[in-house]
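Construct the entire structure; sequences and hints are all you get.
There are 2 protein chains.
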Amino acid sequence: MTELTRRGMLSGTAAATVATTLAPFAETTTQAAAPPAGKQAPGFYRYKVGTYEITVCTDGSRTFPLPDNFVLNAKKEEVNKALAEAFMEPDKMTIPYNPIVVNTGSKLIVIDTGVGEANFERSKGVVGQFHNNMKLAGIDRNAVDTVIITHFHGDHIFGLLGTDNKLAFPNAEVLVPAPEWKFFMDDAEMAKNTSERMKEVFGGVRRVFDALGRKVTQYEAGKEIAPGITSVATYGHTPGHMSHIVASGSSKVYVQADVTNNPLLFARHPGWHAFFDQIPDMAEATRRKVYDMLVAEKMPVQGFHYPFPSLAHVEKTSTGYRETMVPWTPTI
Amino acid sequence: MTELTRRGMLSGTAAATVATTLAPFAETTTQAAAPPAGKQAPGFYRYKVGTYEITVCTDGSRTFPLPDNFVLNAKKEEVNKALAEAFMEPDKMTIPYNPIVVNTGSKLIVIDTGVGEANFERSKGVVGQFHNNMKLAGIDRNAVDTVIITHFHGDHIFGLLGTDNKLAFPNAEVLVPAPEWKFFMDDAEMAKNTSERMKEVFGGVRRVFDALGRKVTQYEAGKEIAPGITSVATYGHTPGHMSHIVASGSSKVYVQADVTNNPLLFARHPGWHAFFDQIPDMAEATRRKVYDMLVAEKMPVQGFHYPFPSLAHVEKTSTGYRETMVPWTPTI
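Chains as they are written, first to last, in this note's numbering: chain A, 5 to 336; chain B, 5 to 336.
These are computed hints drawn from the structure, not numbers from a lab.
Hints should not be assumed to be uniformly reliable.
Note: identical chains are not told apart, hence a pair may lie in one copy or across any two.
Stated by the list, open to error - In silico DSS-like cross-links for lysine-lysine, where the CA-CA straight-line distance does not exceed 30 Å: (1) K80 - K256; (2) K85 - K320; (3) K43 - K302; (4) K96 - K80; (5) K80 - K302; (6) K293 - K227; (7) K256 - K96; (8) K196 - K320; (9) K79 - K320; (10) K52 - K96; (11) K128 - K96; (12) K256 - K139; (13) K79 - K43; (14) K139 - K219; (15) K219 - K170; (16) K196 - K302; (17) K139 - K52; (18) K196 - K128; (19) K79 - K139; (20) K128 - K256; (21) K227 - K79; (22) K85 - K256; (23) K128 - K52.
The structure displayed is predicted, hence computed values, not measured ones.
What follows is the structure, given as structure tokens:
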């Protein structure tokens, strides 16, 4: 090894071959400059759960100045410290949106729908990409049998409508959590919840479901609501927030929706209450319970607000939980 | 909050709306079953370093039964424990291959070339994907000005040749590390290195560079070998192994080549000597030095054997280093 070591350190300038040594690069340009592409790859990713084929189709991700009250129970400097520890820029927050399509072999099922195509142009393509990425993935929206909604925030339901305010999935049955429907369609609740934030949420809910003629099918927790897809009560983020376990053969994935927002902040700091958590204490209790289960079961999690393609394993740390992204598989 | 909490727990079956409750799903199928796509998304990803555009084009990844001596200085059960801790299957190893293309605005530069198109068919598309993914990314191989080779293992150099054994990048200057050239083109070294493994490596090197008529340009460490791209001596994995810093404006990325193999094993366990490390002690010293620098500088690393798209930050842990994958950006 010693000899190799010494050799390895030599610079090899005397190699007796036809190889030339490097001329100043400016003189060696042989091609016209290629223009930068400026365009990202199609935003979808496929993996199998048993015989099921899951296609993650990103809706995009939004970056915005960090609001002072983004974490309700932590100071901005603590949040900035956590951002730095996750190698994210200070004073900014990035939230990715990643709906999925499940092909069970007999049914084509969408889980959550993104912020909607109407926001694609408004945001200059930053968000609202879901339907286009489905198309790029070769999935026909007219062939979708079922849309499962996890909860009634705009980034999950606005994509039920197309740019023309018509149904984005015209042939699909739309499944919604029964307790979510009960809360948000209750006019007395709407009258009571008068904060700007809640008025906005209620307004979005009514706009979307009124456009659907309120034609939805309510589902309860703990039921197999589609082949191999079981609903799980994960209340707190909203009053009727549901997650789903997709199972085929001996394989499972936990589709968590908003049990955490971006995990680099909120899985690593499960005690933090995100601005978007409507019932923060309940959301935290749910988060800890779900993540303890994921750790114990070694079950992968598909996280709506995880970085695309949003599939990870989690482990327990001294202060919370930490993700290992499931390695990208170049073939499926 | 108490009322919301109670409401959230209710099941909402009595909601007075037109919404229906869920019928058994078998009766609600409305569409013909959509066939599974069975096809992964195009394997490229773009990001910016200053004004430079980097396109990571995966060559695929190979999974194989874990050899007993895969880690030269650790027992198989220790390796299996580390695989489990990284949520990888036991008794298997997965190694991704991820070359990159750098568009500086004036030059189009490839760094490493994958196992070659000839292996695409042989592997049924599992590896040898690089040239096709370049094409899917809209990059014309004929427009490539420069190919930078980091070291002379087959997964880095075989892609210099096409299926017809002709030049895969016919108009490009091929830059190779001078100490690597000196070692591997030395007939006396070839005669001395008679292990099966080293005979295979020497054979591959001669086959490729003889097909190129040995027309390469040697480069030294510590030089700007292309606009904004500086070579760094990272000897050990092979005698002349080089890494590269790509810099534009105030942004930098460290293109590490094989300073580690799959980081889930070898960044997390930097003291482990991979079967492929030719001079293991030197490779380990290099690995620790580079990773301590990456941690201190908070510099992102582009790792050839990292999971696609292979861009990560690293931090120091009690036992080694740990990656945080840079979040996928759905727009660039």
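Verification of the hints:
In this assembly of identical chains, the alpha carbons of K80 and K256 lie at most 30 Å apart only when taken from different copies (28 Å versus 37 Å within one copy). When the C-alpha separation of K85 and K320 is checked against a cutoff of 30 Å, the pair qualifies both within a copy, at 20 Å, and between copies, at 17 Å. In this assembly of identical chains, K43 and K302 lie within 30 Å of each other by CA distance solely across copies; the values are 27 Å between and 36 Å within a copy. Only within a single protomer do K96 and K80 lie at most 30 Å apart by alpha-carbon distance; the minimum there is 11 Å, versus 44 Å between protomers.
In this assembly of identical chains, the alpha carbons of K80 and K302 lie at most 30 Å apart only when taken from different copies (22 Å versus 33 Å within one copy). Only within a single protomer do K293 and K227 lie at most 30 Å apart by alpha-carbon distance; the minimum there is 19 Å, versus 54 Å between protomers. Taking CA atoms no more than 30 Å apart as the test, K256 paired with K96 passes between copies only; the shortest distance there is 21 Å, against 34 Å inside one copy. In this assembly of identical chains, K196 and K320 lie within 30 Å of each other by CA distance neither inside one copy nor across copies; the values are 39 Å within and 50 Å between.
Proximity of K79 and K320 under a CA criterion of 30 Å is satisfied in both settings, with 24 Å inside one chain copy and 26 Å between copies. For the homomeric pair K52 and K96, the shortest alpha-carbon distance between copies (19 Å) is at most 30 Å, but the shortest distance inside one copy (34 Å) is not. In this assembly of identical chains, K128 and K96 lie within 30 Å of each other by CA distance solely inside one copy; the values are 19 Å within and 44 Å between copies. In the homo-oligomer, the alpha carbons of K256 and K139 lie at most 30 Å apart inside one protomer (26 Å), although the nearest pairing across protomers, at 35 Å, exceeds that limit.
For the homomeric pair K79 and K43, neither the shortest alpha-carbon distance inside one copy (37 Å) nor that between copies (45 Å) is at most 30 Å. With identical chains, the CA atoms of K139 and K219 are at most 30 Å apart within one copy only, with a shortest distance of 25 Å there and 45 Å across copies. In this homomeric assembly, K219 and K170 come within 30 Å of each other (Cα to Cα) only inside a single copy, at 13 Å, whereas the closest approach across copies is 62 Å. Neither within a single protomer nor between protomers do K196 and K302 lie at most 30 Å apart by alpha-carbon distance, with minima of 42 Å and 48 Å respectively.
For the homomeric pair K139 and K52, the shortest alpha-carbon distances inside one copy (19 Å) and between copies (26 Å) are both at most 30 Å. For the identical chains of this complex, K196 and K128 are neighbours neither inside a copy (36 Å) nor across copies (61 Å), given an alpha-carbon limit of 30 Å. In this assembly of identical chains, the alpha carbons of K79 and K139 never lie at most 30 Å apart, being 42 Å within a copy and 48 Å across copies at closest. In this assembly of identical chains, K128 and K256 lie within 30 Å of each other by CA distance solely across copies; the values are 28 Å between and 36 Å within a copy.
Taking the closest pair of Cα atoms, K227 and K79 never come within 30 Å of each other, the shortest separation being 40 Å inside a single copy and 46 Å across copies. Taking the shortest alpha-carbon separations for K85 and K256, only the inter-copy value of 22 Å comes in at or below 30 Å, while the best intra-copy value is 34 Å. In this assembly of identical chains, K128 and K52 lie within 30 Å of each other by CA distance solely across copies; the values are 19 Å between and 32 Å within a copy.
Of the numbered hints given earlier, the model fails hints 8, 13, 16, 18, 19 and 21; all others are met.
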